[in-house]
Amino acid sequence: MFDISPAEWTAVLLSLKVGLVATLVATPFGIAIAWLLARYHFWGKSLVDAVIYLPLVLPPVVTGYLLLLTFGRKGLVGGWLADHLGIVFAFRWTGAALACGIMSFPLLVRPIRLSIEAVDRRLEQAASTLGAAPWKVFLTVTLPLALPGVLAGMVLGFAKAIGEFGATITFVSNIPGETQTISAAIYTLTQVPDGDAAALRLVGVSIVISMIALVTSEWFARRATQRMHGT
Amino acid sequence: MLRVDIFKKLGDFTVDVKFVGEGRVTGLFGSSGAGKTSLVNMIAGLLKPDRGFIAVGDEVLDDTLAGIHVPPHRRRIGYVFQDARLFPHLSVSQNLHYGRRMNGVAHDSAHQDRVVDLLDIGKLLTRRTGQLSGGERQRVALGRALLMQPQLLLLDEPLGSLDSARKAEILPYLIRLRDEGGVPMVYVSHDPRELRQLAAQVVVIRRGRVAAFGDAESVLADVAPQFAD
Numbered sequence: 001m002f003d004i005s006p007a008e009w010t011a012v013l014l015s016l017k018v019g020l021v022a023t024l025v026a027t028p029f030g031i032a033i034a035w036l037l038a039r040y041h042f043w044g045k046s047l048v049d050a051v052i053y054l055p056l057v058l059p060p061v062v063t064g065y066l067l068l069l070t071f072g073r074k075g076l077v078g079g080w081l082a083d084h085l086g087i088v089f090a091f092r093w094t095g096a097a098l099a100c101g102i103m104s105f106p107l108l109v110r111p112i113r114l115s116i117e118a119v120d121r122r123l124e125q126a127a128s129t130l131g132a133a134p135w136k137v138f139l140t141v142t143l144p145l146a147l148p149g150v151l152a153g154m155v156l157g158f159a160k161a162i163g164e165f166g167a168t169i170t171f172v173s174n175i176p177g178e179t180q181t182i183s184a185a186i187y188t189l190t191q192v193p194d195g196d197a198a199a200l201r202l203v204g205v206s207i208v209i210s211m212i213a214l215v216t217s218e219w220f221a222r223r224a225t226q227r228m229h230g231t
Numbered sequence: 001m002l003r004v005d006i007f008k009k010l011g012d013f014t015v016d017v018k019f020v021g022e023g024r025v026t027g028l029f030g031s032s033g034a035g036k037t038s039l040v041n042m043i044a045g046l047l048k049p050d051r052g053f054i055a056v057g058d059e060v061l062d063d064t065l066a067g068i069h070v071p072p073h074r075r076r077i078g079y080v081f082q083d084a085r086l087f088p089h090l091s092v093s094q095n096l097h098y099g100r101r102m103n104g105v106a107h108d109s110a111h112q113d114r115v116v117d118l119l120d121i122g123k124l125l126t127r128r129t130g131q132l133s134g135g136e137r138q139r140v141a142l143g144r145a146l147l148m149q150p151q152l153l154l155l156d157e158p159l160g161s162l163d164s165a166r167k168a169e170i171l172p173y174l175i176r177l178r179d180e181g182g183v184p185m186v187y188v189s190h191d192p193r194e195l196r197q198l199a200a201q202v203v204v205i206r207r208g209r210v211a212a213f214g215d216a217e218s219v220l221a222d223v224a225p226q227f228a229d
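Protein chains in written order, with the working numbering: chain H, 1 to 231; chain F, 1 to 229.
With the rest of the complex left out, here is chain F (with noise of 0.2 Å):
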């Protein structure tokens, strides 16, 4: 479960948002410059929101009132960007445990055969970040967040910079994630065909503001009714 209630200023721009995600997929849907992505930041601890409270589960991550914040490197979440990040100085592999070694988890093969499998990217293990393809390198930043073994995972428009071919091929493996991965996850996207595959709830981001927030279907066909079935 993931509680959000949060205010932060940016220049002129304000974010105030409060939700409640539970169930599988929380989804973030808004149009580009909405505050889609400051959110998810505030919530990977990126960001400071000036007032509030963020917790996954029982953990608390931000309480301004208590004076909490925590560390992103110590929250264990997952962020998948758009533009993947992998670390170009390091092969997939080594891009892919970077995150299980900075966080002393042992080194489990059972886990690690079971997100290639996952992603399919058995591979390309061996390959340069520099000779992957675009739905590559957002497979491998997934299997990369996945294998720090995340307590929520937050993926912000992981498909924005695919084109419609790549968004086809990587959906089902988001699908299969969602289904078998066992992890939570804040799904960002401005494309309501995308969120109406994955996600169970959808917050709608507006300037700043919740705008609406509930069941995926009745929540999406209300803002975005052209793309209804």
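Just chain H, same shape as in the assembly (with noise of 0.2 Å):
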């Protein structure tokens, strides 16, 4: 059963990859907008709050869909960086990351708001008496001590976008090679004859995958919680 052929391993790395960049990519804008949001009131917060949620809730489909009128090719954002920067995102591996960075996000960004704004402030005022720049402090304390939620929500992020199906199927199809992640290949396997006993090798796979990173977020999580009470 667990005799895996080169073309269920292609889309296993390339799930991997996905799931990897994406998250990598998604950590650095979800640092920045939890900060934000964890720590600044301002004009329209509401609503970038409402925005960020929104993959959570809306059907995937529909956030594939929008991604490709925007993102595609002819897209108001995916033309101009096709022609300016030679970036290309529809029908593209990268394209399958930017969807899954985006449908991760509210899982990204959530942990790491909770745990900055379970920072001690006073912390940070003693750190700004010893001479600390306000991005000084954000760098060694702030972010140090938010490490735990920051490494669960990138867990978390990894765990959705190696499993996101629906809005990356609607922008950026099924390609094998390119685009055929885990859950794509095991969605294929299921519609043509005899392919059960492959979908069930990817299955297997996937729960191993998810599992790894469940058991690894934990220990990671628990290693950060011990340093933030000095022990």
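Treat the hints loosely; a few may be bogus.
[Stated by the list, open to error] Covered stretches of chain F, going by a simulated chain H footprint (3 or more residues, C-beta under 8 Å): (1) 69–78; (2) 86–99.
[What the hints assert, rightly or not] Taking lysine-lysine pairs in the DSS-like style, the calculated list, with each CA pair at most 30 Å apart, reads: (3) 9(F) x 48(F); (4) 74(H) x 17(H); (5) 123(F) x 167(F); (6) 123(F) x 136(H); (7) 18(F) x 48(F); (8) 136(H) x 48(F); (9) 45(H) x 136(H); (10) 45(H) x 9(F); (11) 45(H) x 48(F).
Note that these hints are calculated values from the structure, not bench results. No residue lacks a Cβ here, since even glycine has one placed at the ideal position from N, Cα and C.
Hints are included, so try docking the two chains, each in its own frame, into the full complex.
If you want it as structure tokens, here you go:
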């Protein structure tokens, strides 16, 4: 049963690549947004909040279609990026990463925001009296103390990204070797005769990947919590 | 020399304080809620006065008329909080060097050795902050503030959260610091006995105003005669 074919491996590795790139690219944005939402009150804050959470409540197909309209070759943003920077999302693995990044963004942001809100502001004050400029306070005190939340957000985001299906398949289709992730491959296998064994193998692989992600995040979270209590 | 002449409205409460502190230690005396911490936060730059003026020596830190407000990280004022506020994710040694590193002060091992000896914290350096007692935490917080080579040291009830045995343990270090440290200090307390031991001058703060100001013995004899010798 675990005799995985090269085609299946391609889907597994592509999923890992898409999930990792989506998570790594989204994390700095996620930290910045989480920090803004945790620390500042500004005009339109609830709108920003709503837009970030939108992918969680919209049908994934709708998000995928909106991505196609915006980031497709003829889309407003997609056309500009292709013409000026040579970045193409449509029907490429990069488009899959974009779709996964946006779909997983709410799950990434939320734990980071909560952990930034939990950082003791008095420690930040102490750091500023010790000569740390605001950005240094953020890098040397706020961010390290919020690390458990950042890691939790990254793992949740990665798990969501690797399982994303609806928005990805709508935006970049289901091209083996380019945009066919594990989920899309399983879907395809269930549509053909004699695909059951291969589908089950991929199901097994995705369970293993998810378990490893969860156990790793638990371990990081425990270590980070210990650091936070200074023991 | 510390010159303070500030006004600040905080909800229904106002702080309106004027004094000139000279000498090594200026004591700020008052009950809790009198506005001592707000005043100290303004000296540190954590709180911005509505009106007024703060200067340490020749350096103007706040002057609302001239539009000057130096942010806390450029004031070079060491602040020792009642609750120490050590960084839990750093070791004792990393805590001690934090201010020095942030200020770009070169590592001066002679100065470090002096501070470590003065506060007797040499054997704590490799510990995590969670493993320290209350008195040890305060000594490390003092060391952290001293190692950045501040031009002024603010001590806001540094013994406030300690029991009397721990207070007796720390007080000699503070006296040594006053006599050997060479850094002017503002010492906040609601305990006249601490102030009599440490401060030359005392400012008495009551409901956000200066109720009395002068040399420690006579001022404290007036406002807290029950503690006089």
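Verification of the supplied hints:
{"no.": "1", "hint": "69–78", "verdict": "holds (count 8)"}
{"no.": "2", "hint": "86–99", "verdict": "holds (count 6)"}
{"no.": "3", "hint": "9(F) x 48(F)", "verdict": "holds (10 Å)"}
{"no.": "4", "hint": "74(H) x 17(H)", "verdict": "holds (26 Å)"}
{"no.": "5", "hint": "123(F) x 167(F)", "verdict": "holds (20 Å)"}
{"no.": "6", "hint": "123(F) x 136(H)", "verdict": "holds (29 Å)"}
{"no.": "7", "hint": "18(F) x 48(F)", "verdict": "holds (15 Å)"}
{"no.": "8", "hint": "136(H) x 48(F)", "verdict": "holds (21 Å)"}
{"no.": "9", "hint": "45(H) x 136(H)", "verdict": "holds (25 Å)"}
{"no.": "10", "hint": "45(H) x 9(F)", "verdict": "holds (29 Å)"}
{"no.": "11", "hint": "45(H) x 48(F)", "verdict": "holds (26 Å)"}
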